[in-house]
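Let the hints inform the model, and build the full structure from the sequences given.
Quick note, the sequences are listed as chains G and B, same order.
Letter by letter, the first sequence follows residues 1 to 291 of this note's numbering.
Letter by letter, the second sequence follows residues 1001 to 1160 of this note's numbering.
Incorrect hints may appear among the rest.
To be verified - Chain B side only, calculated, beta carbon under 7 Å to chain G, not exhaustive:
| # | residue |
| --- | --- |
| 1 | Pro1018 |
| 2 | Arg1019 |
| 3 | Val1056 |
| 4 | Thr1060 |
| 5 | Val1064 |
| 6 | Ala1127 |
| 7 | Gly1130 |
Unchecked claim - The calculated lysine to any residue pairs, modelled on SDA-like cross-linking and capped at a C-alpha distance of 20 Å, are:
| # | chain 1 | residue 1 | chain 2 | residue 2 |
| --- | --- | --- | --- | --- |
| 8 | B | Lys1091 | B | Ala1150 |
| 9 | G | Lys141 | G | Asp19 |
| 10 | G | Lys42 | B | Glu1017 |
| 11 | G | Lys42 | G | Asp192 |
| 12 | G | Lys189 | B | His1093 |
| 13 | G | Lys189 | B | Trp1126 |
No wet-lab data here; the hints were simulated from the structure.
All C-beta atoms, glycine included, are put in the ideal place defined by N, C-alpha and C.
Each chain is listed here by its residues.
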Amino acid sequence: MYPPAFEYAAPESVEEALDRLAEVGDEGRILAGGQSLIPMMKLRLAAPAHLIDINEIAELAYIREVNGHLAIGALTRHADVVRSEVVAGGCATMASAAPWVADPLVRNRGTVCGSVAHCDPEGDWNSVMLAVGAEVVARSKQGERVIPISEFVVDFFTNSLRPGEMVTELRVPRDDDRSGGAYLKLERKIGDYATVGVAAHLRLDEQGRIARAGLALTSVGPINLKVTEAEEMMVGQEPGDELFAEAAQIAARTCEPTSDVRGPAEYKRSVVAAYTRRAFGRALAGARGET
Amino acid sequence: MEIEVTVNGVAYRRDTEPRRLLVDFIRTELGLTGTHIGCDTTSCGACTVLFDGVPVKSCTMFAVQADGHELTTVEGLRRNGELSPVQAAFKEHHGLQCGFCTPGMMLVATALLSSNPDPTEEEVRWALSGNICRCTGYTNIVEAIRSAAATMHETAGVES
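Structural data, given as structure tokens:
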């Protein structure tokens, strides 16, 4: 299968990439890992006239801890996250999701920022980012914007980037010692999209009550669904299975699964409930330092 | 556009259209047909090559992206005219039936053993989880890789 013809550029700096992006306008797409974009081009679901390949921009490959958050550069690959001690110690929800993204070969090439920008509701990372409250850094020749993930994910395969902008970094709040998180994914086989994915994040206050709760769902709606109603309901409450069961009921009611080859909608709904309860259980254990 | 790519230690300079997939470039432009096209949809791993030492699916990259980089294909595994430890172990343990997935399996195994010389069975299976074999049930493939690890351990110090 061959994609339609395109013009190709492989800039070696962000400035050069932004110049190129400004030149080609709406006809241009950033090529990062290409593990979603290239298959879509081969199927002719995407046909950008210009590809701007950022794989030669070494300065974008980093995971750093900066001012209370983790900074994930646009060329950070899934496999880098799997191996990262900064992520293992700084964001439990990300660390638990990373090994379940795609398969080992795709993880060697695909990037976190690319997956976030792609906004495929079956992608794992946007659920994680919604649950932990990440921010997306977008740059253009006009400057830099920092976009909360909930405003970045707009719709089915649609983000809120403006023409001329590219994602350069993700900013993920760092877990403190009263935070925990987990990502649970049901998949038919490794490399398949999630049948259901649940990202949960908790931060406790000094009394051990919930100071912040994050919950987002994969593959059960037109976008990765942030379950705001459950998050708000949990704040100020005593954490525990009863509360998590209540959050699970809200998640099951909120999600919009469809019946397909991965299972009937009602099955997915019940998995959402079970995984929500379980994921918060793990998040709580992490927040209490029990793992 | 013109690209220069080193494949199995040999530098090639070729003119190629940007949309040409890396696997097609390797097979038709360089004539290295050991790299197979299986699913062509980023699922099966038959087209696996080592890109700067890292296993990737060459059906999901453009040849132009290999400009200035080093590739290893199955043809490059042989050492000094002899089978590499991984190749020899696949032969010895019959880690194949039809052979279609075998180049990808051996490249993934080679990369695994270079970063983890003594993997557990679980680590081997995990590393192989992006490569599909429809014949063997994977058992002999896993045995072959663990045996290759043992052989390489025994001959440590000798180039493997």
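Quick rundown of the hints versus the structure:
1. Pro1018: 4 Å, holds
2. Arg1019: Holds, about 5 Å.
3. Val1056: Nearest chain G Cβ about 5 Å off; hint holds.
4. Thr1060: Nearest chain G Cβ about 5 Å off; hint holds.
5. Val1064: For valine 1064/B, the interface hint holds, since the closest Cβ of chain G sits about 5 Å away, which is under 7 Å.
6. Ala1127: Interface hint status for alanine 1127/B: holds (6 Å vs cutoff 7 Å).
7. Gly1130: The hint holds - glycine 1130/B has a Cβ within 7 Å of chain G, the shortest such distance being about 3 Å.
8. Lys1091/B <-> Ala1150/B: 15 Å, holds
9. Lys141/G <-> Asp19/G: Cα-Cα ~7 Å, so holds.
10. Lys42/G <-> Glu1017/B: 15 Å, holds
11. Lys42/G <-> Asp192/G: 19 Å, holds
12. Lys189/G <-> His1093/B: The given pair, whose Cα atoms are some 26 Å apart, is violated under the 20 Å limit.
13. Lys189/G <-> Trp1126/B: 12 Å, holds
Violated hint for the displayed structure: number 12, the only one.
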